[in-house]
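J.: Input sequences plus hints: build the corresponding full structure.
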Amino acid sequence: MPYYAKSEDWLHQSALLLQARPSTTRITTRYHLKPARRVPKPKKSDPSQPTTTTQSTQPQQPSEGKGQEEGKPPRGRLILKTFDPCSGATLKYKTSKAAEVTRLIQMLGTLGRRMAGVNVADEAEDEVMADVSTPVVEGEGGVGVGSGVQTPTLGQTAGGGGGAAVGGKEQAQQQGGGGGKGKKKKGKR
Amino acid sequence: MGHLTNDEFFTKLADVFNTRKAKAHGAIYLTQKRLSYNTNQTPPSPENEEQDALADLHPSQPLPLLVRATNGKGKEHRAAKVKLSTVVQPDDLAGFYARYAEVCKAGMAALKPRDRTKRKAKAKKRKGGGGGVAPAS
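Here the protein sequences line up with chains A and B, keeping their order. Note that the numbering used here numbers the first sequence so that position 110 is 110, with each residue one more than the last. Here the numbering used here = 1-based position in the second sequence + 1000.
Just so you know, the hints here were simulated from the structure itself, not pulled from any lab data. Each hint can be trusted.
Dumping the calculated DSSO-like pairs for lysine-lysine here, alpha-carbon to alpha-carbon at most 27 angstroms:
hint, chain 1, residue 1, chain 2, residue 2
1, B, Lys1023, A, Lys81
2, B, Lys1118, A, Lys97
3, A, Lys94, B, Lys1021
4, B, Lys1012, B, Lys1023
5, B, Lys1033, A, Lys92
6, B, Lys1033, A, Lys81
7, A, Lys34, A, Lys6
8, B, Lys1023, B, Lys1073
9, B, Lys1105, A, Lys34
10, B, Lys1083, B, Lys1023
11, A, Lys34, B, Lys1083
12, A, Lys34, A, Lys81
13, A, Lys97, B, Lys1033
14, B, Lys1083, B, Lys1021
15, A, Lys81, B, Lys1105
16, B, Lys1023, B, Lys1112
17, A, Lys97, B, Lys1122
18, B, Lys1021, B, Lys1073
19, A, Lys97, B, Lys1105
T.: Right under this line is the structure:
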């Protein structure tokens, strides 16, 4: 029951498992909240307060209350699990970062396409087209490295949209597209 | 319990997320798998099972997906249990997942937001370090 450190690894292995057993494998996403059980530390204000009179206890209580409120907002966890009851294979990935949610759901989408038996190649071609079109716009700006820098920012602003978020495969295709673009450039020059 | 349409599913899923937010603890389970029940009307005969096992890998037609959502309530809280399920046709996959991502992102608000304070601190350190080093040398 391994946890993968990278979501890309999880995606890759899950894709392989789905390829092997597409009809029995299921993917469960568990989102759970835990009340934060951080013990509020006695703050440095404590040693300073004995010097003052007993009235200081009144300001102290609100400060403690604040500390509890700060600790209170519960932390969420997101666990992705690919499970095949036939072979008992389980692949897991867990995260607590909100920034990853969109990317992970897109991964669920790509895996869902595999699950449904839709030809993944058709969709991938479309995305390659989109990827090629973006560097062409940036082509005037300069070298291919520049476009490589700009694509991730696109993904961030669009909430993980585009090819960069979907996974290793499409990243590879991006690189392929970039290479093709470079050749075109050389031809033009 | 019958399957909901995709729209109903999303509205109810958003409700589930909202109640979870209000209670500040608990879990939500989302599951997806190929809808293999009731798809082929003829049950596979044991002779053909070998063939079927292989035919599984390359279905002639894209199959629908079954997406479920529960709030993870067990026996003791059976009354409070929410079970949602919907069937996604292969043609709708892209649209479904786009909306799915929206709903999930909106619902999973308790995850850590992107932390920019560390980066700022690092940048400050670099600036401060550079300024400190220059006069010393």
